[in-house]
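Asks: Residue-level listing of the chains:
4 protein chains.
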Amino acid sequence: MSKPVTKIGVLTSGGDSPGMNAAIRAAVRTALYYGLEVYGIYRGYNGMIEDEIVKMDSRSVANIIQRGGTILKTARSKEFYNEEGRKKAYANLVKRGIDGLVVIGGNGSFTGAYKLSQEFGLPCVALPGTIDKDLYGTDFTIGFDTAVNTAVQCIDKIRDTADAHDRLFIVEVMGRHAGYIALHSGIATGAENILIPEEETTIEEVITSLSEKEKRKKLVNLVVVAEGHSSGGANGVAEILKQHLPNLDTRVTILGHIQRGGSPTCLDRLIASRMGYHAVESLLEGRHNVMVGILNNAMHYTPIEIAIREKQRLGDDWMKMVKILAS
Amino acid sequence: MSKPVTKIGVLTSGGDSPGMNAAIRAAVRTALYYGLEVYGIYRGYNGMIEDEIVKMDSRSVANIIQRGGTILKTARSKEFYNEEGRKKAYANLVKRGIDGLVVIGGNGSFTGAYKLSQEFGLPCVALPGTIDKDLYGTDFTIGFDTAVNTAVQCIDKIRDTADAHDRLFIVEVMGRHAGYIALHSGIATGAENILIPEEETTIEEVITSLSEKEKRKKLVNLVVVAEGHSSGGANGVAEILKQHLPNLDTRVTILGHIQRGGSPTCLDRLIASRMGYHAVESLLEGRHNVMVGILNNAMHYTPIEIAIREKQRLGDDWMKMVKILAS
Amino acid sequence: MSKPVTKIGVLTSGGDSPGMNAAIRAAVRTALYYGLEVYGIYRGYNGMIEDEIVKMDSRSVANIIQRGGTILKTARSKEFYNEEGRKKAYANLVKRGIDGLVVIGGNGSFTGAYKLSQEFGLPCVALPGTIDKDLYGTDFTIGFDTAVNTAVQCIDKIRDTADAHDRLFIVEVMGRHAGYIALHSGIATGAENILIPEEETTIEEVITSLSEKEKRKKLVNLVVVAEGHSSGGANGVAEILKQHLPNLDTRVTILGHIQRGGSPTCLDRLIASRMGYHAVESLLEGRHNVMVGILNNAMHYTPIEIAIREKQRLGDDWMKMVKILAS
Amino acid sequence: MSKPVTKIGVLTSGGDSPGMNAAIRAAVRTALYYGLEVYGIYRGYNGMIEDEIVKMDSRSVANIIQRGGTILKTARSKEFYNEEGRKKAYANLVKRGIDGLVVIGGNGSFTGAYKLSQEFGLPCVALPGTIDKDLYGTDFTIGFDTAVNTAVQCIDKIRDTADAHDRLFIVEVMGRHAGYIALHSGIATGAENILIPEEETTIEEVITSLSEKEKRKKLVNLVVVAEGHSSGGANGVAEILKQHLPNLDTRVTILGHIQRGGSPTCLDRLIASRMGYHAVESLLEGRHNVMVGILNNAMHYTPIEIAIREKQRLGDDWMKMVKILAS
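Residue numbers (UniProt numbering), protein chains in the order written: chain A, 1 to 327; chain B, 1 to 327; chain C, 1 to 327; chain D, 1 to 327.
In case anyone wonders, no lab produced these hints; they're calculated from the structure.
Be careful, since some hints might not be right.
Given that identical chains are not distinguished, each listed pair holds provided it fits within a single copy or across any two copies.
As the list claims (entries may be wrong) - Cross-link-like lysine-lysine pairs, in silico, DSS-like; alpha carbons within 30 Å at most:
1) K88 - K218
2) K7 - K215
3) K87 - K3
4) K320 - K3
5) K215 - K88
Please put together the full structure from these sequences, using the hints given.
Replies: What follows is the structure, encoded as structure tokens:
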């Protein structure tokens with residue numbers, strides 16, 4: 001059996017997502033409760049290499065549960081991709097006696113943790129921190145609920161002005177490979193069409209549906225597109241639609257980075273708190289190199305290498321419902 | 001086998017909850033899609049008795065998915081408790097040929113539907129519409145997520161002023177028999193103590209924990225109480241605390257009815273849409289007299305009489321986490 | 001003296017702005033209170049030409065004070081630019097005996113009202129409805145406060161993610177000829193630089209200030225640009241900055257149409273209510289062909305032709321304050 | 001002429017209000033820009049007595065412009081009422097060479113500043129920080145706009161549930177002596193009646209208006225009451241109404257302390273920034289012992305003793321408008 005963990009490091013890495021602070025807070029306080037020392041590692045693996053590592057106490061994480069962003073900052077680290085960088089980074093942990101790591105981030109961040117565990121035997125636990133929701137082994141990822149609510153609130157505003165003008169709005173939301181934000185925000189705002197990377201909805205179908213609506217004088221319409229859709233995002237879609245439906249008064253809005261920020265929703269704070277709490281318990285109980293998730297209302301532990309490889313898949317019957325409800 | 005349903009009525013009953021409009025919209029549009037006629041019944045069972053029943057089309061539910069409250073209005077009906085009232089109500093359905101019913105509400109509303117199905121053989125489907133979340137057979141109830149986010153946003157504001165003044169705030173949230181709003185909003189706002197009807201946390205424990213905090217000069221504290229806690233809600237708690245901890249600067253806030261209103265969150269719109277959609281499919285497929293829920297990510301159908309009788313139970317390990325994280 | 005007004009029409013025209021519904025409500029109810037008949041004209045001058053004119057009562061404007069957009073819809077009308085169109089439009093008013101007009105919109109909408117008053121002697125009153133705030137003769141325009149708060153809330157979210165990543169964000173807000181949204185939202189979010197059409201701030205100054213900040217390791221920076229700034233908006237600025245400051249991690253967000261929608265702020269509802277109320281009083285008291293404004297806390301009436309010609313000018317000392325506060 | 005100020009102290013005192021942090025930030029950065037030293041005094045005059053005084057630099061006020069509450073904390077100090085306390089406090093300033101003071105707060109806080117200026121010749125400048133808006137010599141007070149928007153958003157939510165149930169809601173907002181929050185939030189939410197300390201509206205008028213409405217079946221009604229109204233706030237009003245209108249379904253909500261917190265609106269951040277900036281300029285230019293206000297769009301300086309003595313008065317014609325618009 002592995003040696004008990006006594007000092008842990010916590011870091012956030014990759015794209016930031018709302019709720020990361022709640023996860024940091026939970027991990028830090030749970031570790032302190034169990035008598036561990038805790039270190040905050042700044043700017044993800046960059047800070048591990050650059051030795052930006054600071055001891056944390058209970059006050060370090062006071063009054064942050066409601067804040068967007070991450071107090072530990074985040075970054076993508078190129079140097080960490082090669083072994084040299086990782087050795088340097090690991091040496092900084094060893095120097096302080098850090099013998100356990102909590103990593104909050106997405107796929108790329110998990111890969112870093114996996115490397116550390118493989119190359120140096122460092123016990124790692126990963127938390128799913130991404131607004132994209134497409135990670136395997138968990139029903140929730142930290143930040144998705146906030147991001148999708150931000151998108152919904154913005155699209156609600158856009159609908160006000162679309163209604164006032166009888167306009168077609170094409171709204172682009174985040175999601176390079178995953179359509180969850182587009183799908184959920186589109187359904188929740190009554191979008192007429194939703195274009196996501198995972199589905200075959202073609203622009204032709206959108207054109208058909210919109211021209212049918214034009215005929216019956218339904219002129220206020222909303223199309224939600226994931227940035228990663230093959231059409232080239234909202235601008236791509238708009239260009240094609242203008243060619244085929246030149247009479248429609250069309251506007252494009254790209255929501256962009258506002259989807260990453262903001263005070264986290266209750267759900268994101270709650271799952272982040274639970275995950276941070278169970279991350280430390282997991283390290284203590286010797287359940288290492290796993291991603292902590294919540295599946296069917298229970299904590300669920302997926303080996304990191306599987307979490308990296310697999311994707312959460314969209315269910316099937318969504319698109320039929322979209323079509324019926326937006327009619 | 002039962003005759004196929006051809007005309008359905010939709011009503012909301014009991015306390016309103018955000019997302020009811022999204023459920024109405026989904027039920028109406030799905031029914032129209034399948035060629036059914038749809039009638040809106042106003043003011044719950046009251047309107048069924050008083051014959052406030054109006055035919056609905058697709059436009060009737062346009063632009064409502066984002067609205068709080070319920071366009072069909074709601075009420076509690078005393079007359080419906082006796083058979084006379086129900087006969088009168090049912091006659092109004094028969095008059096129009098309404099042969100299926102979608103009821104959105106809580107426990108009391110389900111009882112009404114159950115009576116109609118038992119006494120007149122009317123096919124009914126119930127949707128869980130309550131901010132209290134304690135219904136059996138579903139992980140989500142329509143309105144809970146919005147209510148708890150409203151509570152969280154309010155408590156965040158209260159914490160601003162608590163911090164500025166080094167005060168103890170006692171905040172009362174809704175929940176006569178169920179502590180879900182208190183529990184989730186309390187964890188999400190870092191409450192020091194959470195008092196809910198289901199748990200044995202005594203005021204003594206709160207006093208102990210607060211006086212320990214007073215000793216180490218942690219003066220900003222937050223206690224979240226469900227209105228149904230045995231101490232008599234926030235005012236009851238405040239009175240006891242003032243006796244035992246007279247040096248604390250204590251304030252009470254009762255959030256009240258703001259928790260029922262507001263534009264629904266993405267999650268509430270989404271589950272309400274799915275439930276409304278599957279309610280109609282359920283009626284069409286002959287799956288009658290059930291409550292439509294979502295359990296472990298899949299639609300789940302609970303016989304109404306069981307949904308009425310059973311309660312969702314809180315998990316166990318929450319309170320330990322509360323204590324550790326608020327330290 | 002002119003004949004007393006007995007039947008009025010109300011319309012919204014040009015770009016929509018939050019609070020227009022509050023102004024409609026106030027105008028309608030005040031007119032009804034004084035015994036006038038009121039007609040809603042849909043889609044601005046378009047609907048006047050197409051005869052989309054509907055009688056309104058007190059219920060027509062119930063429950064709209066909190067809604068974004070405009071229940072009367074809005075449009076820009078090309079046909080109204082030529083006399084033929086205006087004659088047709090006026091005939092539709094005459095047909096109903098409409099002898100007074102309340103127009104809510106911006107400069108272009110005022111021009112339409114001015115033409116009607118000049119060509120047909122129709123008593124008109126104009127209300128300043130624009131998110132741009134640059135109208136002459138009023139301290140407030142309906143919609144500005146909401147738009148600028150929407151911008152602020154979005155930029156707050158962007159700052160979360162900018163902070164997490166040490167990034168430079170360039171945010172584009174609305175304002176083709178006027179920098180009010182950029183200036184106010186920029187100051188309110190602590191922007192390092194603000195670029196507006198009215199001021200000479202050159203990109204060179206921005207480069208100088210950012211490279212000075214780069215030297216002292218202040219990497220999180222925010223530049224707010226009005227869409228009408230000579231640099232070509234946020235994308236234009238980003239391109240130039242990337243050339244001169246290649247080490248900065250730069251991102252662009254264009255807030256776009258979300259600034260037009262949303263539930264109006266208290267201030268916008270209040271000034272819209274006052275303006276709508278005084279518009280009708282103004283018509284009744286024979287104060288015609290004026291724009292109703294609020295200047296130095298009192299109602300102020302500017303002849304429409306002057307309101308069309310003049311612009312509100314920015315005060316001087318803002319930019320010095322921006323520089324000092326963002327240091 | 002007085003000696004030039006070289007070191008200033010900044011404090012917040014009395015009830016906190018959103019935007020105080022923006023004012024602190026502006027005062028600190030403007031002072032640093034002009035080469036002054038700046039000290040933060042914690043917990044108002046309490047901290048001055050207890051010597052909780054900390055030197056501040058530009059980073060001390062980074063990332064606070066958007067935060068509710070006050071980073072300097074606030075308190076009411078009994079000890080400062082007697083000369084002994086003030087001597088002790090002033091000695092702590094002298095010890096550090098602090099020769100100028102910026103006080104952010106309401107009437108009581110101004111009195112403290114006035115005493116210091118009278119007794120010790122300390123140059124003071126006061127900023128109007130109160131959600132009540134009733135201070136003399138300024139159109140804006142820091143926090144009012146945020147508080148009233150919070151009230152409006154809450155009442156909007158309450159209206160959702162009032163509408164769903166055909167209920168009468170009586171909502172109490174803050175304001176012991178001033179009715180501004182009640183008046184503005186009441187108009188902005190279309191309240192049927194508004195009860196404020198300054199006006200003679202009697203409960204009898206409310207009863208008359210509500211029973212007239214009951215007769216014409218308008219059952220959804222909203223009464224907004226300032227806590228300081230002679231009827232005894234919302235509970236007092238409800239009791240009387242229930243006696244006279246027993247058929248109405250009446251509910252009470254007391255908004256309470258949520259009105260003090262929350263991220264400040266654009267307007268509050270802007271005026272707080274301007275006031276903080278001009279407070280320091282005022283100290284430097286020898287304009288001492290004044291309250292910095294904004295009147296008719298220009299900075300306005302009122303001698304503190306006048307600011308303490310006088311009140312802002314409500315305009316007259318508001319109540320007529322309330323009655324007409326809510327009809």
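Asks: Hint by hint, say whether it matches the structure.
Replies: Against the structure, the hints:
1. K88 - K218: Answer is between: at 26 Å across copies they meet the 30 Å cutoff, but 62 Å inside does not.
2. K7 - K215: Result: close only across copies, 28 Å inter versus 67 Å intra.
3. K87 - K3: So K87 and K3 pass the 30 Å test inside one copy only (21 Å; across, 61 Å).
4. K320 - K3: Between. Shortest inter-copy distance 26 Å satisfies the 30 Å Cα cut-off; intra-copy 53 Å does not.
5. K215 - K88: between (66 Å within a copy, 27 Å between copies)
When held up to the earlier numbered hints, the structure conflicts with none and fits them all.
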